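Engineer: Read off the chains here:
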Amino acid sequence: MSKISGRDAINAVLTSELKRDRHTVYLGETIRDIGATGASKGLYEAFGAKQVIETPVSENGFVGAALGLALSGFRPIVEIYSADFTLVVANEIISDIAKWRQQQARSGGLPITLRSWMGSNLGLGPDHSQSMESFFHHAPGLIIICPGTPGDMAGLLRAAIRCDEPVLLFEHRRIYDLVGPVSDDPDFMLEIGRGERIREGTDVTLVAWAWMRHVAMDAAEQLARESISAEVIDPKTIKPLDYVSIAESAQKTGRLVVAEEAPLTGNIGAEIVARISEMVDRPLKVSRVAMPDVIHPYSAKMEKEILPDIDTVCNTVRKLMRGEKTFPAMRTPWERLS
Amino acid sequence: MDDKAAADQHARAARALPNIPQITTDKYLEAYRLMLLSRGFDERCTKMLAAGEAVPHFHSGAGQEALMVASVLPLRPTDQMIYTHRGYGHLLAKGVSLKEIALDTFMKAGGTNYGLGGNMHVARPDLGIPGREGVFGTRFGLAIGFALAASLRGDDAVTVCFYGEAAGARGPLYESLNMAVLWRLPIIYIAENNGWSFSSRTEWLFPHGRMSRVWRGFDIPVEEFDGNDPEVVYETVSRAVERARGGAGPSVLEGLTYRLDPHIWYDKATYQPAHEIAEWRRRDPMNIASQQLLSRGVAQSKLSEIAEMAKQDVTDTFEAVAAAPDATWTDTFEVTAR
Numbered sequence: 001m002s003k004i005s006g007r008d009a010i011n012a013v014l015t016s017e018l019k020r021d022r023h024t025v026y027l028g029e030t031i032r033d034i035g036a037t038g039a040s041k042g043l044y045e046a047f048g049a050k051q052v053i054e055t056p057v058s059e060n061g062f063v064g065a066a067l068g069l070a071l072s073g074f075r076p077i078v079e080i081y082s083a084d085f086t087l088v089v090a091n092e093i094i095s096d097i098a099k100w101r102q103q104q105a106r107s108g109g110l111p112i113t114l115r116s117w118m119g120s121n122l123g124l125g126p127d128h129s130q131s132m133e134s135f136f137h138h139a140p141g142l143i144i145i146c147p148g149t150p151g152d153m154a155g156l157l158r159a160a161i162r163c164d165e166p167v168l169l170f171e172h173r174r175i176y177d178l179v180g181p182v183s184d185d186p187d188f189m190l191e192i193g194r195g196e197r198i199r200e201g202t203d204v205t206l207v208a209w210a211w212m213r214h215v216a217m218d219a220a221e222q223l224a225r226e227s228i229s230a231e232v233i234d235p236k237t238i239k240p241l242d243y244v245s246i247a248e249s250a251q252k253t254g255r256l257v258v259a260e261e262a263p264l265t266g267n268i269g270a271e272i273v274a275r276i277s278e279m280v281d282r283p284l285k286v287s288r289v290a291m292p293d294v295i296h297p298y299s300a301k302m303e304k305e306i307l308p309d310i311d312t313v314c315n316t317v318r319k320l321m322r323g324e325k326t327f328p329a330m331r332t333p334w335e336r337l338s
Numbered sequence: 339m340d341d342k343a344a345a346d347q348h349a350r351a352a353r354a355l356p357n358i359p360q361i362t363t364d365k366y367l368e369a370y371r372l373m374l375l376s377r378g379f380d381e382r383c384t385k386m387l388a389a390g391e392a393v394p395h396f397h398s399g400a401g402q403e404a405l406m407v408a409s410v411l412p413l414r415p416t417d418q419m420i421y422t423h424r425g426y427g428h429l430l431a432k433g434v435s436l437k438e439i440a441l442d443t444f445m446k447a448g449g450t451n452y453g454l455g456g457n458m459h460v461a462r463p464d465l466g467i468p469g470r471e472g473v474f475g476t477r478f479g480l481a482i483g484f485a486l487a488a489s490l491r492g493d494d495a496v497t498v499c500f501y502g503e504a505a506g507a508r509g510p511l512y513e514s515l516n517m518a519v520l521w522r523l524p525i526i527y528i529a530e531n532n533g534w535s536f537s538s539r540t541e542w543l544f545p546h547g548r549m550s551r552v553w554r555g556f557d558i559p560v561e562e563f564d565g566n567d568p569e570v571v572y573e574t575v576s577r578a579v580e581r582a583r584g585g586a587g588p589s590v591l592e593g594l595t596y597r598l599d600p601h602i603w604y605d606k607a608t609y610q611p612a613h614e615i616a617e618w619r620r621r622d623p624m625n626i627a628s629q630q631l632l633s634r635g636v637a638q639s640k641l642s643e644i645a646e647m648a649k650q651d652v653t654d655t656f657e658a659v660a661a662a663p664d665a666t667w668t669d670t671f672e673v674t675a676r
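Sequence lines, in order, name chains A and B. First residue of the first sequence: 1, per the numbering used here; consecutive thereafter. First residue of the second sequence: 339, per the numbering used here; consecutive thereafter.
Note that these hints are calculated values from the structure, not bench results. Treat each hint with caution, since some may be false.
[Stated by the list, open to error] So these bits of chain B aren't anywhere near chain A, every CB distance computed over 12 angstroms: (1) M386; (2) R414; (3) Y604.
[To be verified] Derived list of chain B stretches under chain A, where covered just means 3 residues or more per stretch with a C-beta under 8 angstroms from a C-beta of chain A: (4) 427 to 438; (5) 463 to 473; (6) 665 to 674.
Remember, it's a predicted structure, so these values are computed and weren't measured experimentally. Glycine included, every Cβ here is placed at the ideal spot set by N, Cα and C.
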């Protein structure tokens, strides 16, 4: 176990996986240097142009190419410069990669890993801050992973690369500089689709992933000082999501709060709340903590006001504990339009 | 670069292409048989439609047989072919049986995609037919992936990417061409200019009504050719294929042809002037093929024999397919789980 940053954890996994299998190839913009995130530092020098393929800013071209490479026996890993840009290639991802094997009735794997950094790091504006998981969650045929710690980044990235399915890996920006324990085992993997109970509690189940996992843990700490016992679950994989672990917890606590950085309407929390309500056989108090339906402003100060934080999570839990209604959590002029 | 310099450069590029022998008479007879099967399939489907029977997603390729068939015959099974939604000649020429195409068209079990892809997603990876994209345009990135795979493997497989007016107007073509030239990939783009994009004239969509002229000056050979003359098609495509196979890089070809039938099964094509259709019927590739074969000394009786056999083949195929069981989800799950 080493204590390293998320950025270094990703770099170490990419290095070991490119070394392990020469059919693993890495494509993306600026990766001949260090890539968008700094995670590809040294890869070109180590593996050369046959495995580390610097591309023009042509996402349609190179994400499409990843499908062709995977169908030709390669295992492409693609870095999308910012997760927001996955919308540029939603057609390749949803209409082709996700559907390919069913539409063509093709057996066998389709090992494509699309990784990019996402989420708010304050002041990056509406095109470099969004949470992208719910945009792709709706499409059948994709695995979506949102790791929350350097260790999880490493274990799930390696699992994604070795997995025979197309995977979208959204790595939160704030976890790149977070330092945490990462396994030194060159085969260390975490199981895709398995969540983790990261804090035990009895009064309320808090579900949070990526950066919100840390916000939820801090909120649980605060709530504990108020004698409210929160159980925290990080699903890590958004699709297929570990609903069973959440349902077991909610069955016990009777209260469920999903804390998510994305805007409220149609977010992942909506699906979690709906499914868990169907899965438990006791009355359940539910709520979602989320960003209001507005864009990420360029002003970091204004952005701070709309992002869910410890206070919004704690306030929502307190209301649930008091039996109060929690919606609407926030009202903005823009929400009238949505 | 001015127009004259660009034209000179292209003349030089064209002269640099290796000389390829004409299509042999044996191969031409095979092409003729496949063209007849393709026309026979379209005529049969058109008759069924006239009788009020359903032919799902049928896009007749009548009039384009020379381009579809003679472009594909220079390819090997290890070469990848990305076809268009229109016509079935590409598939026949690459080795798919008429029966498989008919089974997929009528959503029957036993075809290549078990009712999930229909006749627009016929896939035979073993023959170098990976399938086709969902929303037109992403094929250009996909094709890059196959060509890049060959380049990374270091073998001499080529990729041929057909496209029509719709896909060819989408942005990914630009990205794909840029990468093909940048990486000197073994790929041949074949524009099928059939005069119409549904009810829009090609002239309304592309300068001078040509789909490839815009790529002149792109440091890639661009060549227009008579798409209704099987000898010309075969030779032109063979030159580009050998060029790519030999490591000299990509080409853009534009076959000029005409869509004799409506766009799709429900289209009445009232926008297509009768005199224009009549004009092109005089240049029907079926007649050009039979004339050229006769002038090579092939007996009329031989041509009649081939025509008779093709007709019988179509009749037998449709009878067998009508009796075949419908595709079911169970089939698909079984096949894709293999």
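Engineer: Failing hints, ascending?
Structural biologist: Going through the list in order, the structure violates hint 4 alone and respects the others.
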